[in-house]
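Chains as they are written, first to last, in my numbering: chain A, 125 to 639; chain B, 125 to 639; chain C, 596 to 1042; chain D, 596 to 1042.
Hints are computed from structural coordinates only; laboratory data are not their basis.
Some hints here could point you the wrong way.
[What the hints assert, rightly or not] Ranges of calculated distance between the beta carbons of each label pair, as one might list FRET restraints:
| # | chain 1 | residue 1 | chain 2 | residue 2 | range |
| --- | --- | --- | --- | --- | --- |
| 1 | B | His152 | A | Glu348 | 54 to 60 Å |
| 2 | C | Asp1015 | A | Arg449 | 48 to 54 Å |
| 3 | A | Glu348 | C | Asp1015 | 39 to 45 Å |
| 4 | A | Ala179 | D | Gly650 | 38 to 44 Å |
| 5 | A | Ala585 | B | Ser178 | 28 to 34 Å |
| 6 | B | Glu190 | A | Gly512 | 38 to 44 Å |
| 7 | A | Asp458 | C | Ala825 | 38 to 44 Å |
| 8 | B | Glu188 | D | Ala782 | 54 to 60 Å |
| 9 | C | Asp1011 | A | Glu348 | 47 to 53 Å |
| 10 | C | Ala793 | A | Ala182 | 25 to 31 Å |
| 11 | C | Asp1011 | A | Glu448 | 47 to 53 Å |
Since we're looking at a predicted model, the values are computed, not measured.
We put the beta carbon where it would ideally sit given N, CA and C, even for glycine.
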Amino acid sequence: MSVDLENETEKAAPGKPLGDRLHPEPRHEPLVFERSGAGKVGYSLPALDVPAVSAIPAELLRTEIEGETEISEVEVARHFTRLSRLNFSIDENLYPLGSCTMKHNPRTNEEMARLPGFAASHPLAPEIVSQGTLELAWNLEQALKELTGLSRVTLQPAAGAQGELAGMLMVRAALTRSGNPRRTVLIPDSAHGTNPASAHFAGYRVKELKSNARGTLDLHVLEEAMTEDVAGLMLTVPNTLGIFESQILEIAEIVHAKGGYLYCDGANFNSFVGVAKPGAMGIDVMHMNLHKTFSTPHGGGGPGSGPVAVAERLVPFLPRPTIERRPDGTFTLDFDRPESIGRLRTFLGNYGMFVRALAYIAAYGNRIGEVARGAVLNANYIRAGLAGLYHLKYDAPTMHEVVFSDRKQAEHGVHNGDIGKRLMDYGFHPPTISFPLIVHGALMIEPTETEGKSGLDAFVAAMRAIAAEVESDPQIVLTAPHTTPVRRVDEVGAARNLVLRWKPQAGNDGSRDRK
Amino acid sequence: MSVDLENETEKAAPGKPLGDRLHPEPRHEPLVFERSGAGKVGYSLPALDVPAVSAIPAELLRTEIEGETEISEVEVARHFTRLSRLNFSIDENLYPLGSCTMKHNPRTNEEMARLPGFAASHPLAPEIVSQGTLELAWNLEQALKELTGLSRVTLQPAAGAQGELAGMLMVRAALTRSGNPRRTVLIPDSAHGTNPASAHFAGYRVKELKSNARGTLDLHVLEEAMTEDVAGLMLTVPNTLGIFESQILEIAEIVHAKGGYLYCDGANFNSFVGVAKPGAMGIDVMHMNLHKTFSTPHGGGGPGSGPVAVAERLVPFLPRPTIERRPDGTFTLDFDRPESIGRLRTFLGNYGMFVRALAYIAAYGNRIGEVARGAVLNANYIRAGLAGLYHLKYDAPTMHEVVFSDRKQAEHGVHNGDIGKRLMDYGFHPPTISFPLIVHGALMIEPTETEGKSGLDAFVAAMRAIAAEVESDPQIVLTAPHTTPVRRVDEVGAARNLVLRWKPQAGNDGSRDRK
Amino acid sequence: MKFLPTSDADRAEMLAAIGVSSVDDLFAAIPASVRIAPDLPPPMSEIEIRRFLGGLASKNAHARDTAFFLGAGVYNHYVSAVADQMLYRAEWLTSYTPYQPEISQGTLQSIFEFQTHICLLTAMDVANASLYEGASALVEGLLMSERLVRGRRRAVLSAGIHPEYRETVRTYFQNLGLEVVEVPLGADGATNPAALAAAVDDTTFAVAVQSPNFRGVIEDWKTGVDAAHARGAMSIAVVAEAVSLALLAPPGEAGADIACGEAQSLGVPMHNGGPLLGFLACRTAHQRQIPGRLVGETRDADGRRAFCLTLSTREQHIRREKATSNICTNQGLMALASNIHMSLLGKKGMREVAAQSHAKAEYCKSRIATIPGWRIPDARPTFNEFAVAGPVPAAPLLDRLARRGILAGVPLSRWDRGNDREFLVAVTEMNTREEIDRLAAALAEAA
Amino acid sequence: MKFLPTSDADRAEMLAAIGVSSVDDLFAAIPASVRIAPDLPPPMSEIEIRRFLGGLASKNAHARDTAFFLGAGVYNHYVSAVADQMLYRAEWLTSYTPYQPEISQGTLQSIFEFQTHICLLTAMDVANASLYEGASALVEGLLMSERLVRGRRRAVLSAGIHPEYRETVRTYFQNLGLEVVEVPLGADGATNPAALAAAVDDTTFAVAVQSPNFRGVIEDWKTGVDAAHARGAMSIAVVAEAVSLALLAPPGEAGADIACGEAQSLGVPMHNGGPLLGFLACRTAHQRQIPGRLVGETRDADGRRAFCLTLSTREQHIRREKATSNICTNQGLMALASNIHMSLLGKKGMREVAAQSHAKAEYCKSRIATIPGWRIPDARPTFNEFAVAGPVPAAPLLDRLARRGILAGVPLSRWDRGNDREFLVAVTEMNTREEIDRLAAALAEAA
Ligand SMILES: Cc1ncc(COP(=O)(O)O)c(C=O)c1O
Ligand SMILES: Cc1ncc(COP(=O)(O)O)c(C=O)c1O
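One chain only, chain A, in its complex shape:
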C-alpha cells in the first residue's frame, strides 16, 4: 500500500483502521453447516431399480440426521476451494518442518495410485484376480529390504507410530520365546514422543537416557543402563538433532551383548537412504515412514504408512499375513504364521501409499542415495547461513536437519514460536518448535533435498532479517503473523473453552453466515 493512500483514506474515514477500509472483504469462510438451506441438494443418485423394500423394524431406524447439510455441489466445491487457499503447502514454498521431511510429492505417483486397478480394487478379492496388487506389495518389500539391508519387511503398519509398536511387539515376542519378555526399553531424551508411547503400548516401562554434550548417546551411559532386564534400545538414526551416532556399531554391540534388540526409528532415513544400510549397523528392527523418506504426500496429517524391516531372527514374529512368491511366480498371502504377533489393523496396510512409494523408489533406482546427499547438503548450507545469528546448542556434524535455538532472541523477549510466526510473513512455514525437548526454544529446520539454492538463500535471508528485527523492532515479531488469513490464534483459549464441533440450533442451520 502506498503512503499517500494511507493519508488520503485516513482523512476520508478517520478512526476506522486502515486495513479494514482497504480490505473490506471478510476473509472468513463459514462452516459448511452454516451454508446449508432446506431444499438444496449436492448429489444425484439413479432412481431405485428394485422394489423400495425396507426389512428393518421401525425401532431400529433413526429419524432424520438433525443438523446435517442441505447444500448444492456448487457451494461445496467453492467452500473447499476457498478453505484450501487458507493452507500453506509444499507447493507454495519451503516447508522446513524438522523431522517431517516435507519434500516434493511427485505427481506421477498420484496418477498411479488412482488407477482403478489399485484404487477401486478390494483387499478380499480372490487372489487369482489380485496378482497385480500382491506383486506390487512384494516388489516394495524387496526394495525396502535392499535399502535397509534387513531380512524381511511388513507393510502393514498405518504410520510410523504403529510401526514402532509393531517393531516392539516383535522384540517382545522374540524375548518371550527366549523365556523372558523383560520389562524396560531405553530411549534417549532426544527421541520423538511416539517412541515412549509405543514402548508403553507394547507393555514396557521406559527408561530415558540422557544425551551427552555432543547431543549423542554416551557409551558408558548406555552400558550402565543396558541390563538384562532391558528389552532393547529405541534409537533415532540420525537422532532428532540431525546428528548421526557415529558410535552406532559400538551401541549395537552393547545392546546385543545383553541380549537386547536395537530398534531404529527410521523417521530420519531420508538422510542416509541409499548411502548406508541400517542392517549393517547392527540394527535389528526399523520402521520407515513412507510419507517422509518415500515422498507419499502428508495430506494435512496423513494417511501415512510405516513399514517395518526386521533382521532374520525377528522374521517369525512379523504381523500376519506375509506376502509370498510361489515357485511358479504367482503371489499369495501367508496367514499360517504361528509365531506372528498377529495383525495391527485390517487388510494389508495403507496400500495406496505402497503404490506411490514404489513409484518413487523406481524413479530413483540405484541413484536413490542422491536423496540423502541432497538433504544433507541443504541442511548444512542452512546451518552455515545461520551460524552465529542463532544459537546452536550442539555443534556436531549436521545430517538432514539442524536444530538451532532462540537463546539469543530470548534475551529480547522473542521466542522460537514468535520467530516461526514471523517466518510466515516472509512466505515460509515455521520450523518445528515443539521438540526435541532437550533443546529449549528449539528451531528444528529440515529443508529436504527438493529445495534449491535460491529457496534456501531466501529462507536464510528471512531468518537473518528476523534476527535483525528482533533487535530493532521486536514488536513486529512478537505480534506476527501480519499477513496470514487469520492473525495469531488463541490456542490457550481453545483448550480452556472447548468447542469441538458445531451444534445445530434453531435458526443457525442454513441461516446467515456467522461473523
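With chain A held as given, fit chains B, C and D with the ligands onto it using these hints.
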C-alpha cells in the same frame, strides 16, 4: 492489522511504509526462464531402445534452443501452483462477467473427458474402433437439435466466433446457390464485436442498426434496412443488454420476407435454454457456446466450442464431415457433402468439450429449463438490489444479465473500471465493462444460475458499499484495488512500450530472480 | 534427476559456503563399513513407471469392470468427482498436520467439520480428527475405556465384530495384561443379549458390539449398552459400514459411551483396503481421554473465529509414554474426502444411499433365497450385506465367478476355516438390478 | 438439482424482492408460442453419467491400450503428470480470459511464458497467446500476410501442407476474393523449389510450406522463403508436428516471416482431435497485424512487474469488422498445458523427445523397408512420420490390424481417394521397439 501495531512499528522503523514492514515477502513470482539453471532437469525418458540413428542432413538441424529452460520438476510444480494462486476463479467467488456466463463447471465432466477412451483417442483411428466417440458426438447433436428446435447441428467450430463465421458462410452459400450472395449483413449496435468481425470474414459489409430507447430493435428501423441486398440479420437473443426482443417473431418475418436469414448469436442461450426454442422463433441459424450455456470450463481463455444449429434449408451447406447413424445403428462420418462450405478446422472440433457438454445436458435432462429460470431469477434479484444506486439506461425486463452504468458515480469522477477494481477488494470479480458499447460506462452483470442468494446478497452489499464510498471516499475507489497480488496495472504503458516475451541475455538465464 | 533442483554450479557454491570439498565429506560420521550402495535397477522414467505400475494395475479385477459384491469391512459406494478432484489440490495434499493454525485454517476447519459430521451421524458429543482404520479405532476405544474404568482388565466383545478387528485387539492386548472374552453369535446371526450380559462381570471395563455385525445383521445397540451399564462398564458401539448410520438408530441415542470404527464407506475409495478412515466419538464427560487429534474453535488476535489443534496434552508429543495413544500421523486426507462427501450428500443423500443399499440388498437376498440349493442362514434383518450358504464350497466357486467378471462375495473360510460353504454378499447403491440378476443366475448355474 | 444453490425459501424471498409472483413471470417477454419444453430424458445421476459415458469411452481404441502409430497432425507424445494434474486447479480451469490483470496474473504470466517458448522454438520475435488449432492458424497467417502485402490476392501453398489445413484455407478464402494455388510435391516427397518459385508471381501475397510436410518429409524452409521473398511475398512456415522444432533448423533462422501451425504435440493430449493448440509467431515489424490475444509486460501502481493483455485495438471487441481476426475465446488452458510441458522438458528434454522420435521412426522405417512387398515411397529424409506403400489396400488392412490392437497408421485415401495403397506411420518416444517389431511382423503377415 491492529491500530496498536501500526503505531508501534511506525516508531520502530520510521519512514518505511507500514505494508512493507509487515509484509516483507515479495509476492512476485519470477518467470520460469529466470528459474532455469544449467544441469537441472524436469523430465525423464526411457533409454533409447533402438539404434541412435539420425538420418537428417546437418544443414537441416538446429543447434541448442538458446534460452530454453533447465529446471527441475519440483520447481515447475511450485511455479505453476504459485502462479495459479494469483488468479481469481469461479470456485473462489461470484464472477459476474456479463456475456461470459461464468457458471460452475461440474467436476464429473472433467473426469469423463479424461477417460483414456476419449482423451487418448485419435481422430483418424478406424471407425470400427471409434464407435464410442462418434456415438457421443451424434448424441450431442441430437440434444442440441432438440434444445434449439432446429434441423441439424455442426460441432466443428472451435468457439463462438468460429461458429458465427460458419453460420454466415452457410447463409452465403445458400444465397449463392439461389443466385446472389448479397452484400450486406445487419447487426444491431449492441452486438458483441465478433459479430461484425465474423460477417466481415464471411465476405460481407456490415450495416449497424441503432437500438431504440428500450434497448431493442425497432421494427421500422429493421424494415428500412432490410433490403434485397441484405443477406441477413445477426441478432443476439436476448441481446447484450440482457433484453429479449419480444418482437422476435415479427423480426423474423421481416427478414424472411426479403429472402434474408436470421442468425442468432446464442452466447446468451443460458437465459432461455429449455424454456423456449429458437427454431420456433424463426431463427435459421444459431451458434452456441458450449463454454457458456453448457458449462465447459473457460480455462483462462479457452478452449471453447461453438456448435451451429441450422434450419432445414441450410443443412446441405453444413461443414464437412457430418456424423451419421447407419440403419444398423453404427456411426460413420459423411464427407460426401457436395454443397458443404468445407471445413473450418481439422478433425471433428473441440471434442473434449463435447464430452463435458453432453455430460452436462444429461445431468439436467428434461429439467434443463431450470438453468434459464435460475439465471433470470438471479439477474433480476441483483437488478432489484441495485436499482436506484446505479443508473439503468434501459429498463426493459431483464433476462440473464443486467447492464447498469456509472453515470451517477461519474459525477464524482469514478468510472466503471474503478468500480470494478474496487469490487476486487470485496472479493468479487468485476462485471464486464468493455461493452455493450451503447451503454457508456457499462457495468454488465451476469450472475448465472449457480450463484445462491447469500452470494448475491454479498455482491449487492459490496456494490452498495462502493456506491457509498464513491460519495464519501472516492479516493479509495479510484486507487483500488488494494488487496490484490498486484496493484492497478499500467495497461497503457504495456501497449506503448511493447514487451511481448522474455529474451535470453548473457546472465539472466538462471541467474537470480528479477525484482 | 527431476526431483532435485540443485544445479552443479549451485552445489559447488553451497559446498564452498559450508566449507567442505564434497558432499561425501558431510557423511563422515557414518562408519565407512556400513556405507553400502543399494543394488537396485537404474532409474525408471515416468513413461516406464506408467507402463510398470499400469501393467500391475491391469492384472487386478476392480469395481469398475466387474459385477461387484465384496464388502466385509470395505464397501464400494458412490464418491462424487468433486470429492475426488479436490484432493489433488496441493494445499490439501502436500501440507502437514496443522500445527501452525495461522496458515492451516483450511485443514483445521475441515477437521472441525468432519468431527461435527461424525457426531451428527453417531449422535455422540465429541469426535476426533480420525484414526487409522476400524480395527485400531476399536482398540483405541477399548484402551480409552480401560483408562476410564481403572482397575478392570477384561473386555467383552461380540463375535459379530469384524474378525480382523478382533484379531487386532488381541495383538494390542497381548502384552498389556488385558483380557478379551468373545461372545458367540446366536443361531439367528445376532448377538444374544443374555449370553452377552452373562459374560460381563465386575472385572469388565468395556462391552463392544458391532452393528451391522460382520454377517450384516443389524444389532440392537441396547444389547451392548445394557450389558455394559449393568456392571459399570463402558459400552462401545462398533461400526464397520458407516453408511448404515444414516438409516439405523444411532449408538448415541441408545446410550453408548463410545462409537468407533470405519468410515471408509462415507467418501473414501476402497484403495485395496487402505488408506481407510478410522473414527472415534464419545461423550463430553470422557473427552479428555479421547485418543488422537482434536480441533477446537477459538479466536485470533483480531477476535475472528479460528480453529486450532487442542487438548494436545493428551498426546504423545507432550505426554510421551503417558499419552492416551501413540498415534501421530492419522488419516487427514481421508477425513477431508469424507467431509466433502458427507457435506455433498447431507441429510437426504446419506439416507438415500443407505436406503437404496438396503433395498438392493433385500432384492438380492430374495433372488438368492429362491435358488434351489441356496439359503440365507441368518433369520434377523440385515442392512446391506448378508451371508449366503450354497451347495458347493464357496472359495473355488468365487474364484470361478471372478474369472467371469463377477466378484460375488467374500468367503467366510478366510477367517473360519471350517466354514467352507458360506460367503458374504454386499450390495450398495452402485449395483444395478441387472448385475444382481446376473449374480443370481450365476449362482443358480453353480447349484 | 445439485448445480442450483437456491433453496425454496431463498427463491420465495428473491421473488418478493423483485416484485413478481413466479419465475415464469420473468419470461413474459418471450412469446408464448415459442415457449416449448424440450423432449429430453429425465436427469441422469452422476453414477449413470459415469456408466453412460464410460461405456462410450470403452468402445474406442486408444493410445494406452494399443500399439499406436497414428499421426497426421495429432501425435501421441509423453505428457508429464505435473502438467496433467495442474489443469485441475480451479484457478486455471474456471477462470475467464484475463481481462482484469490485477486478479489474473497467473494466467497472464503463463501466457507470456508460452509466447516466449514459441519464440524460442521457432526463432521468431513475437508469438500470440494461441489460436484454435493448426488449420485456422494457417488461415490467420495467410490473412495477416494479405493485410501486410495489400493489393495482392493469391496465396501459394505447397501440397505438402496438411490436406485439412488446405481445405480450411479454401473455406475461409472462398468469399474473400482470395485465391489459392497449390504446388504438388515432387516424386521424392518434398516441395520442388523450382515448381514453387514458378508458381509465385507479383499477385502472390504469401507462400506457405510445411515441414515436416504431411508425408513426414523434412522440407528446407529456405525453399519457401526464397520463393516468397523473390517476389515480395510473405513467407509462412507451417508446422504440424511441433516436436520437430527442437531438432530441425527453426523457420526464424531461415528468414520466414510467419511461423504457425499446431503445437498439440508439445504437452496437449490427443483429445480425439480437439482441443488442440494453434500458434502463430511473426517478426516484430509485423506485430501490429498479428491476430488473437497478446500479453505484454508492464508495471503496477507500485512499480512491480506485472502482465496484461495488450494491443487489443487489433481485436474484434474494439475494432469490430476491422479487427485482425474474429477470434475471441482461444485455447488458453492448452497453452498453459504446453507452457508447463515445455518448461519441464526444456532445452534438453524437447531435443531428446525429438531425437528419440526420429531414431525410433528410422528403426521402424528400416524394419518395414525390408519386408517383401512393402516400400517407403519417399526418398527424402523424414522426421518421425513417413508414408509406406503396401501390396494390399491400406484401409481394410488398417481395420484388421486395429481389431488386433495395432493402430498402424492413417490411410492416405482419406484425403486422396485414388491413393488406396499408402498410409502414414508416425512414431514417437512413446513407442517401444517391441511395438515396432510387432507392427513389422503384422505387416509382413499381410504381405
Ligand atoms: C522422529 C519421529 N519418529 C516417529 C514419528 C511418528 O511417525 P508417524 O507420524 O508416521 O506415526 C515421527 C513423525 O511424526 C518422527 O518425526
Ligand atoms: C455475445 C457474444 N457473442 C459472441 C462471443 C464470442 O464467442 P467465443 O468467445 O466463444 O468465440 C461472445 C463471447 O465472448 C459473446 O459474449
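What hints, given by number in increasing order, does this structure fail?
The structure breaks hints 2, 3, 4, 5, 8 and 11; every other hint is satisfied.
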